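The whole structure should be built from the sequences, with the hints applied where relevant.
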Amino acid sequence: MNHTVLDVNGKLIPYGQDIRNSNGRALFDRSLLGKYVNRCAFPKALVWLMKDSILPPALKLEDKYLAIAMGAALMTQRNRAENVAEEELNKLVFEPFANPFRVYELYRDVEAFLKVADTGADFYCFNSRGYWRESDDILEPIPLNTSLTLQTAILMDQLQWEPWDLLPGSMIPTRESVEAILPGYYDRYHSNLRINYDKYIAVMKDRFQQRKDFLKSSDLTERPEIQEKLIQSLQVNAD
331 MNHTVLDVNG KLIPYGQDIR NSNGRALFDR SLLGKYVNRC AFPKALVWLM KDSILPPALK
391 LEDKYLAIAM GAALMTQRNR AENVAEEELN KLVFEPFANP FRVYELYRDV EAFLKVADTG
451 ADFYCFNSRG YWRESDDILE PIPLNTSLTL QTAILMDQLQ WEPWDLLPGS MIPTRESVEA
511 ILPGYYDRYH SNLRINYDKY IAVMKDRFQQ RKDFLKSSDL TERPEIQEKL IQSLQVNAD
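Counting in this note's numbering, the sequence shown runs from 331 upward without gaps.
No lab work stands behind these hints: they were computed from the structure.
Bear in mind that the values here come from a model prediction, so they are computed numbers and not experimental data.
Keep in mind that a hint or two might mislead.
With a straight-line Cα cutoff of 20 Å, these simulated EDC-like cross-link-like pairs (lysine to aspartate or glutamate) come out [unchecked claim]:
id : residue 1 : residue 2
1  : 374       : 441
2  : 529       : 495
3  : 546       : 558
4  : 394       : 492
5  : 374       : 495
6  : 381       : 464
7  : 381       : 558
8  : 535       : 448
9  : 546       : 536
10 : 394       : 441
11 : 381       : 425
12 : 559       : 448
If you want it as structure tokens, here you go:
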């Protein structure tokens, strides 16, 4: 029995049901589930939502280790709902698999998502912060309607994809397919057209090094073979 509560007389009472932690989320020890797991319908597509300005609005992650690495080292920004100091709002932070209430090891999620990849789901990455135009502060906006249109196009199989040379294992929408639904998209968000391109590449390399360092310092050390494959997938292809 892993949970106990303290009664009014100071006695510890075993408690086998789910309980709530300080953030109000209900917790249940997964080891009590035995061979049973949390379940939903099998996903056709999974999308990691990022706020990282070096990424275009949408990527398809063809390499399964890259797909899981991007989820395990998911970069985002704090928001006001999290009740953090003003200076923290603009900082990039890691929130593995967008789960700020983690109560079990990261490697368990990694292993579970690898199984999802093995059984046929597609993985994507959306950036909603804005895409580098001239600097990390001067960005090409990514309107909500653009993201929603891309999302619908993915679900309706309206997009074709081509390799994104900067990140092996990832793909961007082809010009012909994306221009049919979002005219002007291809040139507006093509990485080769970034102003201050050398600086853009330098920041991109730094962001992916941060991802590697995060995974190196995580409990994935308990699964060294998987950890190494995830880290090796995060390679920027640029001089």
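Quiz item: Which hints from the list above does the structure break, by number from lowest to highest?
Solution: Checked against the structure, the hints that fail are numbers 5, 7, 8, while the rest are satisfied.
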